[in-house]
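**Student:** Sequence:
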Amino acid sequence: MDLEERVDALERRLAELERRAEAPAGGDEPAGGDFWALEALKARLADEAPDGGVLFTGSVTLPTGEHYEWQYGQPLEALLDGDWSPAADALAALGHPVRMRLLREIVAGRRTAGELAELPDLGTTGQIYHHLRQLSAAGWLTSAGRGRWTVPPVRVVPLLVVLTAAGP
97 MDLEERVDAL
107 ERRLAELERR
117 AEAPAGGDEP
127 AGGDFWALEA
137 LKARLADEAP
147 DGGVLFTGSV
157 TLPTGEHYEW
167 QYGQPLEALL
177 DGDWSPAADA
187 LAALGHPVRM
197 RLLREIVAGR
207 RTAGELAELP
217 DLGTTGQIYH
227 HLRQLSAAGW
237 LTSAGRGRWT
247 VPPVRVVPLL
257 VVLTAAGP
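Residue numbers for the sequence shown follow this note's numbering, so the first one is 97 and each next one is one higher.
Since the hints were made in silico from the structure, they are not lab data. Treat each hint with caution, since some may be false.
Stated by the list, open to error - Quick list of in silico lysine to any residue cross-link-like pairs, SDA-like style, CA-CA up to 25 Å: (1) K138 <-> P254; (2) K138 <-> E173; (3) K138 <-> R109.
With the hints as constraints, model all of the structure from the sequences given.
**Tutor:** So this is what it looks like as structure tokens:
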């Protein structure tokens, strides 16, 4: 079984376990307490990846009304054996305060370069375009035409996961 098939199987098993875990257990919390997702992941990986793995997932409705659900996981072995260098450009693109502000504003609904240029402390229009191109080259943004920018749907939840992981 190749890695993609293994990950697909893990995702199916985890989805079923989460569905079961979310069934009411007499309180407001999903069955399993605070670590219900972790317990489900461990149960799912027990046979196929005994050393464990990492899963991130999210279900969000942005201020614009757009709704995204996303999940991705990897067994530990695949993570440790893989090449980490391709992640450097994506992470480096997030390493500038103006770029992070641009992403926040775009996720919140300000999508055009003109709207972004009206915001204080983002620099000149040329500087804004420079940052937009950096984010686009790293895959965090795509041009939606006519000067509009958007975070690709497959990157919305991962962006929020990175932000959450980097937090205090």
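**Student:** Tell me the numbers of any earlier hints that the structure contravenes, in ascending order.
**Tutor:** Checked against the structure, no hint fails, so every one of them is satisfied.
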